[in-house]
Amino acid sequence: MDGLAPPGHNRPPRTVLVRLPGVLVDLFPGAPRRLEVQASSVKEMVDALDSFWPGMRDRICDSTPAVRRHINIFIDGERARLETRLSPGSEVFVLTAISGG
Amino acid sequence: MASKVLVLVGTKKGTFIAESDAARRNWALRGPFCETWPINHVMADPSSGIIYAGGGNEWFGPAVWNSEDLGATWTHSSEGLAYEAGAEPIKAVWSLAERDGVLYAGVQPAGLFRSEDKGKTWQHLDGLQKHPSRPHWNAGGAGLILHSLVLHPEDKGQIWVGISAAGVFHTADGGQTWEPRNKGTRADFFPEGQNYPEFGQCVHCLVMAPGEPDTLYQQNHCGMYRSSDGGRSWQSIESGLPSSFGFPAATHPRDPSTLYLVPLNGDSAGRYVPDAKAAVWRTRDGGSTWQDLRAGLPQENAFFGVLRQAMATDRMEPAGVYFGSGGGTLFASADEGENWRTIAEHLPAISSVETLVVDA
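Top to bottom, those sequences are chains H and C. Residue numbers 1 to 101, in the working numbering, belong to the letters of the first sequence in order. Residue numbers 102 to 461, in the working numbering, belong to the letters of the second sequence in order.
Keep in mind that the hints were calculated from the coordinates and are not lab data. Keep in mind that the hints are not guaranteed to be accurate.
Calculated cross-link-like contacts (lysine-lysine; reagent style BS3-like; alpha-carbon spacing at most 30 Å) [as the list claims (entries may be wrong)]:
{"hint": "1", "chain 1": "C", "residue 1": "K378", "chain 2": "H", "residue 2": "K43"}
{"hint": "2", "chain 1": "C", "residue 1": "K257", "chain 2": "C", "residue 2": "K219"}
{"hint": "3", "chain 1": "H", "residue 1": "K43", "chain 2": "C", "residue 2": "K221"}
{"hint": "4", "chain 1": "H", "residue 1": "K43", "chain 2": "C", "residue 2": "K192"}
{"hint": "5", "chain 1": "C", "residue 1": "K219", "chain 2": "C", "residue 2": "K192"}
{"hint": "6", "chain 1": "C", "residue 1": "K231", "chain 2": "C", "residue 2": "K219"}
{"hint": "7", "chain 1": "C", "residue 1": "K113", "chain 2": "C", "residue 2": "K378"}
{"hint": "8", "chain 1": "C", "residue 1": "K114", "chain 2": "C", "residue 2": "K219"}
{"hint": "9", "chain 1": "C", "residue 1": "K221", "chain 2": "C", "residue 2": "K114"}
Simulated coverage check for chain C against chain H, where a stretch passes if three residues somewhere in it have a Cβ under 8 Å from a Cβ of chain H [claimed, not checked]:
{"hint": "10", "stretch": "157-167"}
{"hint": "11", "stretch": "399-408"}
Every value quoted in this text rests on a predicted model; they were computed, and no experiment measured them. Every residue gets a Cβ at the ideal spot worked out from N, C-alpha and C, and that includes glycine.
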């Protein structure tokens, strides 16, 4: 759902549900696998995560800036980018791709 | 005072630490640390005892890990360890070095960063990116990596780096400006008549002789070299070696004329130890003559290589020598290379070996 910003997008951010991979939360003691944050885009969601656990942005995003190549973010079954807008109540899955050896 | 010796091992799947008392006969292994990330270099600041590990994870990118309790607990950071937006992102940290409280990190794609807070935040020293030769650098087999990082022990402005495959570069102003220092080193992979370029050589490992900052040694893809003028000129010291090809070089902790190598059988011959018989080669005279050291090392069916950062010495008397294989075996000598034993095996592929001696 890589849509345009809805009308009235300046209104306060909305609550979304985020699910994080275990291998990511293992890097940040105390981080949960599932949490709610206020965000109206994937970028805002990542910023919120980074404010709770400094450094988490660098693990999810590279300096392009973009979601890292082997990290997938899915919203309603669709792969998302940093610019992807979030709807109230969206469930966002942050997943590690099949990778490595 | 009694000491204990830690051998710090970076592997494809995490950091390991082997530990012994001063006798260095019985070793205990701990790990894996750093969440089994691929770790290219683990080293310690001997003055603070802090252990640093640099690497990069396919999922999560580059980071430097820090342990202030000899490996029991670790934190990681990559804040500031990034090129500007739009540039190719940093894939991994390849080399670390520390001097007077400043930590340096060499990364892939090749560049240099510094940290004044034990690796929590990083600043880019962008002089290398601005060097006129930068657009012409070509990646080596492991990528365009800054893998060797040599700091002048007294002059804070001077740093030498080894980049594959751009060659050796030197700065006298702390990283703002650089000059290539490759005169006399071959690039056999260039067309005939163009084999001694100003830059573009495939340096594999660059080290500095103890107590003699102008004496450098480098194992190159194409030869083994010594410099007595800080890298302004290089002389071949490969005569007497079984091969001009290899990756690591390790200096003695006190003797500037003693150096250890692990030559391999050639860049297109499998990159194993020659004749499948393992040997460390040592010079005691700055590379004029070489001696093979085999006692305790496998002398049949040894089809392994040793990577560029996977050999080190300790500062004990007599000096210990250590190396780790691509097959995950860690070898140690407690007598300057005369006799060897296996101190760990079945580890992941070993990327780096360093040592730390601490009071017991």
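Status of the hints after comparison with the structure:
1. Proposed proximity of C:K378 and H:K43 is contradicted: the alpha carbons are some 55 Å apart, above 30 Å.
2. Proposed proximity of C:K257 and C:K219 is supported: the alpha carbons are some 17 Å apart, at most 30 Å.
3. At most 30 Å may separate the alpha-carbon atoms for a hinted pair to count; H:K43 and C:K221 meet this at roughly 23 Å.
4. Between the alpha carbons of H:K43 and C:K192 the distance comes to roughly 21 Å, so the proposed pair stays at or under 30 Å and holds.
5. With a C-alpha separation of about 21 Å, the suggested pair C:K219 and C:K192 falls inside the 30 Å cut-off, and the hint holds.
6. Our distance criterion of 30 Å between C-alpha atoms is met by C:K231 and C:K219, whose separation comes to about 26 Å.
7. A threshold of 30 Å between alpha carbons decides the hint, and for C:K113 with C:K378 the separation of about 24 Å falls inside it, so the pair holds.
8. Using a Cα cut-off of 30 Å, the hinted pair C:K114 and C:K219 holds, with the two alpha carbons roughly 23 Å apart.
9. Distance check on the hinted pair: C:K221 and C:K114 sit about 23 Å apart at the alpha-carbon level, within 30 Å; holds.
10. Under the rule that three or more residues need a Cβ within less than 8 Å of chain H, the assignment of the stretch 157-167 of chain C holds, with 5 such residues.
11. Judged by the Cβ-Cβ criterion of 8 Å, the stretch 399-408 of chain C is not covered by chain H as claimed, because only 0 of its residues qualify and three are needed.
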